[in-house]
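> The chain contents come next:
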Amino acid sequence: MLGIYLRLLDTEEERTRFRQLYDKYKNLMFFVAKGILKDDYLAEDAVHEAFIRIAKNFSKIGEISCPRTKNFSVIIVRNISLMMLEKEKNNAHEEYNDELYSGNIGAAPDFDPDISVLKAYEYETLLNAITQLPDIYRDTLYLRYFNDFNMKEIASVLDISEEAAKKRSQRAVKMLADILRRK
Amino acid sequence: MDNILRQICIDACQRELDALPSEEELHDIHIFSSRFEKKMNSLIHSGISDSADSISKKDPAEETASFRHPTILHFGLRRRNLQTVQNSLKNHIPRRRLILIAILTAVLLALCACSLMVNSYFTAQKHKTHSEIIFSKDAVSEDIDSFTVIEPPVPEGYEKVDESGMGGYYRALYENKNGLYIDYSQHLPITSKGLTINTEFGITEKIMVGHYSGLHFQGSYTEENIFWSDGYYAYILGGTCDYETILKIAEDMMRGK
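Top line first, the protein sequences correspond to chains A and P. Residues in the first sequence are numbered consecutively from 414, following my numbering. Residues in the second sequence are numbered consecutively from -12, following my numbering.
Please note that the accuracy of each hint is not assured.
What the hints assert, rightly or not - Straight-line alpha carbon distances no greater than 25 Å define the calculated DMTMM-like cross-link-like pairs of lysine to aspartate or glutamate that follow:
no., chain 1, residue 1, chain 2, residue 2
1, A, K565, P, E150
2, A, K447, A, D436
3, P, K25, A, E566
4, A, K473, P, E138
5, A, K447, A, E425
6, A, K587, P, D15
7, A, K483, P, E138
8, A, K437, P, D(-11)
9, A, K565, P, E238
10, A, K483, A, E566
11, A, K451, P, D15
12, A, K447, P, D5
13, A, K483, P, E150
14, P, K164, P, E192
15, A, K451, P, E10
Just so you know, the hints here were simulated from the structure itself, not pulled from any lab data. No experiment lies behind these values; they were computed from the predicted model shown.
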């Protein structure tokens, strides 16, 4: 996926809304980034990079002060911070690398996970299992169901290919089932 | 069943959001650096020079690379040395011969300048994680209606698997059976907007695509990209195939221009 985009904040109205979003969430985003990167300088870079990606996807944002926009902002900065952390460590996890850094993965079918296994468990157990998923997989499910994004939109927000987004969603459900089976 | 997964995700996500500190609690968490604030102002207002300049002074890793049309070649002699040379010439060489030498030198310099002249239609300002491209006023095509798609001559074995485009933008994705891909996009070089390229994965270097200047950067750890403009359009060509292949496609596109 090419790392390029047109500058999108064209109108005064967009700039005003973007400024509102920036003022409202910059501290929260810094908090999330710092929690991962443990460094002020890097956390600021992550927040800045996150706002660039938000600008790129600004059309997907409705109301500024709402849980969906909050979730959207948190997921973007978390995603970028995790990528930066991987880069800093320079010992990329193979599974991570596959999806975060490369569009070169096998074709994934449409998102159609086998979720029948979930039926056998208590609701609270399911909730706890979701929180045990690695961030990148949990975030894919959150974007899918909490933000109501389709695969193309998820791919754009996470800056990965659509194929990778589909694959990540499928893997998330499979991992969720594995977590539940171990319980 | 999908509804169960949906409801679990919504509830789990809401719980996570609720567990985050409130705005009040985060109010004094951090005083953002002036470097950060400048970058953000730059992003919000689409101005770039202030931020880029101030950053490049602080961090040598962030530099400003400028390309102007035409490339200016500076043949400099210090003023003092220049006067010494002129005086020396006046004293020893007759006036007519001096004029002849001056004319010949001027012609020689002009020829050198012409041979090294580069067609460049943008200025690139490199930051830590991205580069901002501003098109010069010499970029001539801003009319969306006149946009004509130019397809890249991809090597044998690659097939177009996706394409999209609207309003002065076209993008196509090609893949071969080994999973390697070529990602191509063509843009109108709208001077008031510019482009931002994510260059956090690799050093941006100046390159030439035929007679046109461009940039080489990495889109990810496995992806090579080049950017260039011929004045009518801006192009980005990248992919997981090797850099030489990408550059050759670009040069073939510009052949004859």
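> Let me make sure I understand: some of the numbered hints might not hold for this structure. Which ones are they, in numerical order?
3, 4, 5, 6, 7, 8, 9, 13, 14
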